[in-house]
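Asks: Please work from the sequences and hints to get the whole structure.
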Amino acid sequence: MNGRIPLLFEIGVEEIPHWMIRPALGEMERIFRDLCESHRIEPGALRLDATPRRMVLRSDGLPERQPDREELVLGPPKSAGDGAAQGFARKNGVTMADLIVEITPKGEYFALRKRTEGRPVREILAEILPELIRRIPWPKTMYWTGKGGPTFIRPIRWIAALFGDQVVEFSFAGVAAGPLTCGHRRLGAKEIVFDHATYEDRLEKNGVIIDAGRRRQRIEAGIRRLLRGTGLEWVRDEALLEDLVYLTEFPTPVMGRFDERFLDLPREVLTTVMRHHQRYFTVQDGEGRLAPRFIAIMNMKADRKGYVVKGNERVLEARFTDARFFWELDRQQTLESRLERLRNVTFQARLGSYWEKTLGIVDGVRRLELRVVAQEHGRRGLGLFGALAGGAVR
Numbered sequence: 002m003n004g005r006i007p008l009l010f011e012i013g014v015e016e017i018p019h020w021m022i023r024p025a026l027g028e029m030e031r032i033f034r035d036l037c038e039s040h041r042i043e044p045g046a047l048r049l050d051a052t053p054r055r056m057v058l059r060s061d062g063l064p065e066r067q068p069d070r071e072e073l074v075l076g077p078p079k080s081a082g083d084g085a086a087q088g089f090a091r092k093n094g095v096t097m098a099d100l101i102v103e104i105t106p107k108g109e110y111f112a113l114r115k116r117t118e119g120r121p122v123r124e125i126l127a128e129i130l131p132e133l134i135r136r137i138p139w140p141k142t143m144y145w146t147g148k149g150g151p152t153f154i155r156p157i158r159w160i161a162a163l164f165g166d167q168v169v170e171f172s173f174a175g176v177a178a179g180p181l182t183c184g185h186r187r188l189g190a191k192e193i194v195f196d197h198a199t200y201e202d203r204l205e206k207n208g209v210i211i212d213a214g215r216r217r218q219r220i221e222a223g224i225r226r227l228l229r230g231t232g233l234e235w236v237r238d239e240a241l242l243e244d245l246v247y248l249t250e251f252p253t254p255v256m257g258r259f260d261e262r263f264l265d266l267p268r269e270v271l272t273t274v275m276r277h278h279q280r281y282f283t284v285q286d287g288e289g290r291l292a293p294r295f296i297a298i299m300n301m302k303a304d305r306k307g308y309v310v311k312g313n314e315r316v317l318e319a320r321f322t323d324a325r326f327f328w329e330l331d332r333q334q335t336l337e338s339r340l341e342r343l344r345n346v347t348f349q350a351r352l353g354s355y356w357e358k359t360l361g362i363v364d365g366v367r368r369l370e371l372r373v374v375a376q377e378h379g380r381r382g383l384g385l386f387g388a389l390a391g392g393a394v395r
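Just remember that our numbering sits 1 ahead of the position in the sequence shown, which is counted from 1.
With a straight-line cut-off of 30 Å between C-alpha atoms, the simulated BS3-like cross-links for lysine-lysine are:
#, residue 1, residue 2
1, K79, K115
2, K141, K191
3, K148, K191
4, K306, K206
5, K107, K92
6, K206, K311
7, K191, K306
8, K302, K206
9, K302, K191
10, K92, K115
11, K206, K191
12, K79, K92
Here are the computed distance ranges between Cβ atoms for each label pair:
#, residue 1, residue 2, range
13, L233, D323, 21 to 27 Å
14, K148, D35, 25 to 31 Å
15, G307, L47, 41 to 47 Å
Calculated directly from the structure, the hints in this document are not laboratory data.
Glycine included, C-beta positions come from ideal geometry on N, C-alpha and C.
Replies: The following block contains the structure:
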């Protein structure tokens with residue numbers, strides 16, 4: 002490999018919140034490059050991957066050693082004489098014969114061209130990899146080994162660090178780096194031996210698809226299979242899809258049903274429950290009407306006995322029942338009838354009640370002269386628009 006050695010570095014943790022993972026990967030790459038640069042190491046081509054339980058950095062090749070460094074060390078002025086030069090030579094462990102005279106803008110100086118031999122990169126990695134873990138920024142971290150110890154987003158359960166076929170030896174938060182990784186929490190082995198060539202394959206056989214792109218493809222292909230021949234289509238939601246990619250290690254779509262009687266609820270109510278609360282994809286027919294189906298993504302290979310689908314159906318029915326109750330409760334009163342009650346709700350201690358806030362919104366609406374609203378509903382409509390907006394804001 003032209004004298005370059007591959008690196009595989011994996012931090013194994015308890016589940017990281019999905020929305021934190023991608024920003025952390027970007028920071029992990031940036032920090033590693035900075036650390037390599039500060040140690041005069043070319044980092045090679047990097048690849049970053051992650052699942053909820055692991056963050057992985059791979060390099061296609063690092064040098065075996067740092068490059069040697071030659072630097073010019075200035076000593077005393079030549080005018081200081083041989084005594085000063087001898088002291089300078091002695092301090093640097095050389096003889097007078099090793100010194101040169103360097104001409105500078107300030108005059109002639111005794112100097113030494115000092116050559117420092119590069120250190121083994123494996124030795125340097127043992128210093129920078131724990132520093133890399135320490136420096137990854139998170140919205141919130143915690144102590145896991147007692148106050149005063151290192152912090153991280155979640156407890157670290159294992160660390161794999163292979164430089165070529167050798168372990169990079171270090172420890173962080175009481176966890177020693179080693180040659181082993183860990184599979185899926187339910188589908189895989191707790192200790193997996195691997196090398197650079199077999200890493201992804203060994204993980205996949207133990208229930209972990211390390212490549213986020215492949216997890217995404219698995220979700221999309223699985224949904225297409227479920228809907229084939231049904232005349233239905235899933236409502237694609239990129240944000241939800243991205244969330245599910247980083248919520249799972251081995252995603253598998255399953256399709257469930259819900260009672261058609263819930264379809265009399267507004268579409269927005271149903272989709273909010275399914276997408277926001279349950280992280281389900283919604284399904285519609287060819288004319289865009291919501292179908293009594295949903296697609297859930299489980300973090301397992303299969304649901305042969307249908308327990309997962311049945312469980313999700315029960316949960317969704319309870320959610321929809323609650324949604325119906327609150328929807329019908331809200332419809333018992335108009336927005337206009339709620340305005341007076343805002344007098345007794347404090348907006349902010351120094352700014353008054355929500356009623357006073359509403360009056361401010363009404364005044365602002367009138368000042369802006371929303372002509373479309375005014376022409377369509379008249380002046381009363383304009384004021385009412387502002388008042389209802391004030392009530393709805395809360």
